[in-house]
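Required output: the full structure, derived from the provided sequences and hints.
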Amino acid sequence: MLLNQFLILGALLFCMGVYGVLTRKNAVMVLLSIELILNSVNINLLAFDAMTGNSDGNVFALFIIAVAAAEVGVGLAMVLLIFRNRKNISLDDLSEMKG
Amino acid sequence: MLGSILAAVGDFTAPKVDYHAVAPELVLAAGICVVLLVDLFVPEHRRWITGTLAGFFMLGSVLPIVTLAVTGSDVRDALGDGRYMVDNFSLILKALFLLAGYVVVLLSTNELEEGGYYQGEYYVLLLSSVLGMVMLASSRDLVSIFVALEFLSIPAYMMAAWRKRDRKSNEAGVKYYLLGVFASAVLLYGMSLLYGLAGSTKLTEIGKVITLTGDKVGVQVVAVAFVLIGFAFKISAVPFHTWAPDTYEGAPTPVTAFLSVASKAAGFVGIIALVYLTFPAASDVYRPFLWVLAALTMTFGNLVALKQKNMVRLLAYSSISQGGFILMPLAMAGTGDAAGPALRAVVTYVIIYAATNLGAFAVILAVSRKTRSGEISSFGGLFSYAPGLATMMTIFLASLAGIPPLGGWYAKFGAFRAVVDAGGGWGYSIAVIAAINAVIATAYYIMVMREMWMKPVPDGDVTPIKVKAPVMAALAITGICTVLFGVLPGLVSKVGNLSDLAGAFGR
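Residue numbers (the working numbering), protein chains in the order written: chain A, 1 to 99; chain B, 1 to 507.
What the hints contain is simulated information worked out from the structure, not anything from laboratory work.
The structure displayed is predicted, hence computed values, not measured ones.
In this text, a Cβ means the ideal position worked out from N, Cα and C, and glycines have one as well.
A portion of the hints provided could be inaccurate.
List time: in silico BS3-like cross-link candidates among lysine-lysine, alpha-carbon distance up to 25 Å [unchecked claim]:
no., chain 1, residue 1, chain 2, residue 2
1, B, Lys168, B, Lys370
2, B, Lys307, B, Lys455
3, A, Lys25, B, Lys168
4, A, Lys87, B, Lys164
5, A, Lys25, B, Lys370
6, B, Lys466, B, Lys455
7, A, Lys87, B, Lys168
8, B, Lys466, B, Lys370
To spell it out: a stretch of chain B is covered by chain A in this simulated footprint if at least three of its residues, at any positions, have a beta carbon under 8 Å from a beta carbon of chain A; those stretches are [stated by the list, open to error]:
no., stretch
9, 151-162
10, 189-202
11, 244-251
This is the structure:
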């Protein structure tokens with residue numbers, strides 16, 4: 001069974017995604033990193049689904065794809081909003097409030 | 001492939017849906033459509049209708065909850081497969097979410113009309129978010145928990161950034177969005193592992209597998225930890241709280257009230273479902289985890305709150321530390337017979353905290369309309385020109401501090417009783433930490449009271465504050481609840497029994 005290989009791929013993607021979220025300063029790159037994590041979850045779910053044989057995992061993955069699309073829509077709209085008001089999308093400059 | 005799918009279609013029978021059980025959700029869904037359509041066809045100067053309609057639908061979907069509570073069996077399996085249960089636990093929390101949503105509609109009305117912010121869309125998003133919460137209260141399956149959680153979060157991200165031209169509001173929205181989505185992603189990774197371990201997404205099925213025995217203990221621990229981390233973001237537990245103060249300060253005040261009460265309560269509902277249904281045999285993992293989170297959350301929240309100058313930011317840190325108190329009994333849920341008292345403590349705490357905190361935000365909204373400032377010093381001498389508001393604020397702050405005979409006192413009492421009942425090293429130590437924190441918290445609540453009662457008015461402007469009717473109604477609802485729950489704790493002490501949550505601890 002190839003399950004291990006899929007899980008390792010999923011874990012690697014997850015780690016890359018978390019690393020990207022923690023280090024990237026560009027809002028769009030952070031969004032992309034989050035997408036990586038979501039796709040690692042999808043790989044996991046599909047691999048487990050193939051192993052167990054019921055379709056719960058497939059359904060779950062479909063829901064994640066749909067919801068992730070909605071999420072990215074909202075996220076890009078917000079990045080656009082920030083770009084209009086500030087002319088850049090660096091997350092380090094987002095520090096109007098402190099304390 | 002296609003042939004087998006078509007062959008399966010022949011055997012398809014539609015699941016029996018208990019429409020009475022899902023009536024609250026259906027009313028809300030209808031409300032979303034109606035408000036969206038009305039917004040399309042109503043001229044700009046009559047857009048206030050959308051707010052009235054939204055409030056109407058919130059209250060309208062409380063009606064089926066009442067009929068569900070008084071008639072029929074205690075547990076209704078809405079879709080017939082045990083993945084969407086309507087039990088007394090979910091009913092009481094649905095009612096809480098809907099009433100909190102109604103109070104937020106009352107708080108939003110004037111704010112939105114004067115600011116000229118897209119009223120129709122706002123109420124559609126508010127209704128969607130409340131629908132997500134109502135669904136979360138009944139979800140007993142990983143997929144539906146995830147969908148409900150996103151359903152309540154995505155509209156909330158947009159509402160936090162509602163003032164499009166305001167840089168602070170942008171920042172509030174983006175910080176909330178990025179950390180919220182990241183948290184969901186981590187939560188999902190944990191969920192995918194849970195599914196892999198159990199081969200099912202049903203919470204109670206997973207609960208049979210997560211026993212911390214066998215050769216997959218490592219994966220089980222990782223899965224439980226990731227799922228809890230995901231929810232810790234939602235309830236802004238330290239060290240996953242960094243978004244909360246900035247989001248609360250930057251978002252429009254009614255949205256802040258909504259986030260700090262309803263959104264937080266929804267996070268706790270999710271944690272309760274997982275701890276009681278999915279991890280009953282994994283208390284060795286979640287107890288130390290939630291214990292540390294609770295201790296850090298209440299201590300850090302309180303210490304930072306002490307030095308705040310901005311009123312909303314003070315309440316943000318206060319709500320973080322209150323979250324620690326709510327988390328405290330949950331950490332001890334798996335110890336001895338503490339499961340029942342812990343569940344009741346969490347549910348009553350969430351209800352009382354919701355009434356009190358919404359009330360505090362209503363006062364802030366009313367006062368800042370006149371002072372145009374969020375600083376604590378702008379509350380100086382409030383009693384001399386708005387004695388009613390000052391008295392209400394004092395009641396709410398005293399309740400948050402846990403001073404008898406107000407609601408917050410009973411909530412704290414329940415939380416302490418649950419952990420002391422659980423006993424042992426974990427129980428007594430967290431009770432001591434919580435007791436110290438309760439004293440620290442009183443200090444900053446009293447600081448605000450002193451400002452209102454003893455300090456002079458900062459700019460000498462003592463024209464009385466005219467409180468608009470909707471805000472007055474919100475103040476009345478929250479004020480009455482806060483006082484009543486403290487004087488007659490019997491009203492809330494009956495809710496949140498262990499038997500109310502179907503299938504809790506394998507029962």
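Any hints this thing doesn't respect? Which numbers, in order? Result: hint 5 breaks, nothing else.
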